[in-house]
Amino acid sequence: MAIKVKNFLSNVLIEASLKLGRDFLNEKIKNVTPDDLIEAIKDDKSIIIPENIKKEGIETLKRYSKLFMKFYNEINTELILTWLKEDRPDLYSVIINTPNGIRWIEKEIENIKNMLLKEIK
Amino acid sequence: MVLVKAKKEEEKQTEVKTETNIPQIPLPEIEEPDKFFERVLKPYVDMGIINKNFVEWEKYKIKVENALPDPAALQHDLTNLDSGLSGKKAGYLPFIIKIYTQELSAYLEKLKSNPTIAYQGISVSQNPTIPPPPHYNPYLHLYNPSYNPSYSYPIALSTIPSQNPDLLPTILQLFQKEQELAALKKEIEELKKGTKEDKYAEYIRELERERREELKQRISELEKRLEAGGLSKEDIKEIIDETFKEKEEKVTKKDLERVVEMLSKKIESRPLKSITPEQIELEKINKEYEFKMAELLQKKEQARSIADSIKEGIGLLGKAFIRTLIEEGGIEQHQAQTIERKNLMELLCPACKSKIIAPIDAEKVICPSCNKIWKVERPSSSQSKQKEEEEELPEQEEEEKEELPKALIKDVEGNLVCAFCGRKFSEKKEAIEHLKEHE
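Respectively, the protein sequence lines represent chains F and Y.
Residues in the first sequence are numbered from 1 upward in steps of one, following this note's numbering.
Residues in the second sequence are numbered from 1 upward in steps of one, following this note's numbering.
By construction, these hints were calculated from the structure, which means they are not laboratory data.
Keep in mind it's a predicted model, so treat the numbers as computed, not measured.
We put the CB at the ideal spot given by N, CA and C, even for glycine.
With a Cα cut of at most 25 Å, we get these calculated SDA-like pairs of lysine to any residue:
| id | chain 1 | residue 1 | chain 2 | residue 2 |
| --- | --- | --- | --- | --- |
| 1 | F | K42 | F | E110 |
| 2 | Y | K372 | Y | G329 |
| 3 | Y | K254 | Y | R218 |
| 4 | F | K42 | Y | E377 |
| 5 | F | K85 | Y | E340 |
| 6 | Y | K372 | F | I102 |
| 7 | Y | K372 | F | L79 |
| 8 | F | K42 | Y | V376 |
| 9 | Y | K353 | F | I102 |
| 10 | Y | K254 | Y | K265 |
| 11 | F | K85 | Y | N343 |
| 12 | Y | K355 | F | L79 |
| 13 | F | K42 | Y | N343 |
| 14 | F | K107 | Y | S369 |
| 15 | Y | K88 | Y | G48 |
| 16 | F | K28 | F | E15 |
Quick list of simulated restraints, FRET-style, between CB atoms:
| id | chain 1 | residue 1 | chain 2 | residue 2 | range |
| --- | --- | --- | --- | --- | --- |
| 17 | Y | T324 | F | N31 | 30 to 38 Å |
| 18 | Y | T324 | F | L117 | 45 to 53 Å |
| 19 | F | K107 | Y | K364 | 20 to 28 Å |
| 20 | Y | S354 | F | N31 | 22 to 30 Å |
Produce the complete structure using the sequences and hints provided.
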């Protein structure tokens with residue numbers, strides 16, 4: 001029973017964290033247009049998370065490092081694309097229709113995750 | 001003899017009595033009232049204190065009214081009329097009045113004692129503006145049997161606090177100077193404040209305003225009458241002929257002024273402009289026509305501005321095309337409206353009508369909603385050129401339209417209409433030449 005409750009609580013925490021992460025992402029990409037995204041994919045540039053966002057994210061993650069480690073594995077390309085499909089269908093459409101779009105987003109997510117992990121450690 | 005002596009003694013006694021009554025100036029036996037008045041005031045006239053004209057005026061008044069002025073009336077006249085007793089000379093006034101009072105009393109007594117004199121009925125006129133004090137009106141006794149001549153009547157200035165008659169002139173002088181000073185102070189204050197000047201300036205301005213309004217009214221009236229048709233040449237000729245009919249000398253300013261006056265009179269006599277129903281109808285039609293023309297011009301401007309904005313906006317909004325989409329693995333063709341922008345194209349999924357955004361050069365697109373894959377068919381290069389040419393043609397037409405002057409409007413039949421007069425032209429050159437006439 002205690003384990004169940006613990007698991008439930010941990011799931012709730014993860015869900016809450018993911019919700020926070022989703023909102024954070026939406027906030028940071030609210031000014032990104034399909035045009036910008038196409039150019040970024042073509043030139044293989046990072047546009048979604050600029051330098052200042054990295055810093056802000058690191059500060060927050062350092063504070064909640066244990067929690068971050070729990071939902072670290074939950075964050076993947078599929079999840080991000082699902083969020084984008086729901087929240088920003090225009091960007092999602094660009095990613096799936098642009099050659100190397102999926103690869104670009106995968107790379108982007110992996111890079112960010114690694115960078116954040118390094119910072120926490 | 002004794003009787004004669006006794007009579008002489010009696011006469012002497014009466015003489016002594018009269019001398020004791022009025023000791024200063026010996027009175028003549030009985031003189032006429034105006035002469036009496038002149039005699040009393042003569043010393044002051046001779047000394048240059050009182051004007052001679054004033055005495056003459058008072059004499060005239062005595063004759064006309066058959067009444068001598070009482071001391072108060074005389075005092076009033078001396079101060080208010082041009083008697084010469086102004087400024088420092090005013091100091092003599094109390095003394096003169098005192099002497100006059102005494103003289104008048106004696107004169108009236110004399111008159112009473114001699115009923116044979118023709119001017120026995122003379123009365124003493126009072127100053128109507130200054131009511132005498134209740135204890136001071138002794139000369140109405142002529143009609144009052146209880147009159148006591150031995151009573152010494154006070155003079156008008158007896159109310160002055162000082163009992164010393166020598167001080168009176170000085171006091172009066174000081175009082176007058178004080179009054180003069182107060183008046184001067186008041187005037188200086190008014191000048192300092194600017195109230196005095198302002199009053200005059202305001203008055204002048206008001207007068208100017210009134211005059212201007214009058215002139216405006218007059219001009220507008222004349223203009224109205226001139227609108228009614230003014231004057232004909234014949235009218236003017238008639239007026240000029242009439243003015244210079246008997247004139248052989250040179251024309252003067254007065255003559256011209258007369259002509260102008262007559263012309264303005266003639267204009268004034270004309271009736272005001274009357275409007276016939278036909279004129280009203282014509283005016284109505286004109287106004288309607290003007291209104292319609294204005295409306296047309298406005299519409300034209302609106303259409304132009306819309307066209308301009310569309311042209312400018314295409315760069316931002318993108319160009320719209322119809323693209324053919326074929327589902328992967330299928331044969332059926334679908335027409336989809338596509339908007340192409342800088343780097344991307346937007347199209348609607350033929351299956352679920354969701355918006356697909358893809359790079360402009362994408363040959364295949366995936367619908368983000370239904371995940372169906374669509375092959376985008378593009379027209380060949382020759383076809384696209386033709387289309388571009390076709391697209392350019394209407395632009396050229398528009399350019400031609402733009403070249404037209406603003407005052408020319410194309411109607412439904414394709415004719416050019418002049419915005420000024422409404423004349424129609426089939427050829428542009430003609431219309432432009434016509435416009436030059438308006439210029």
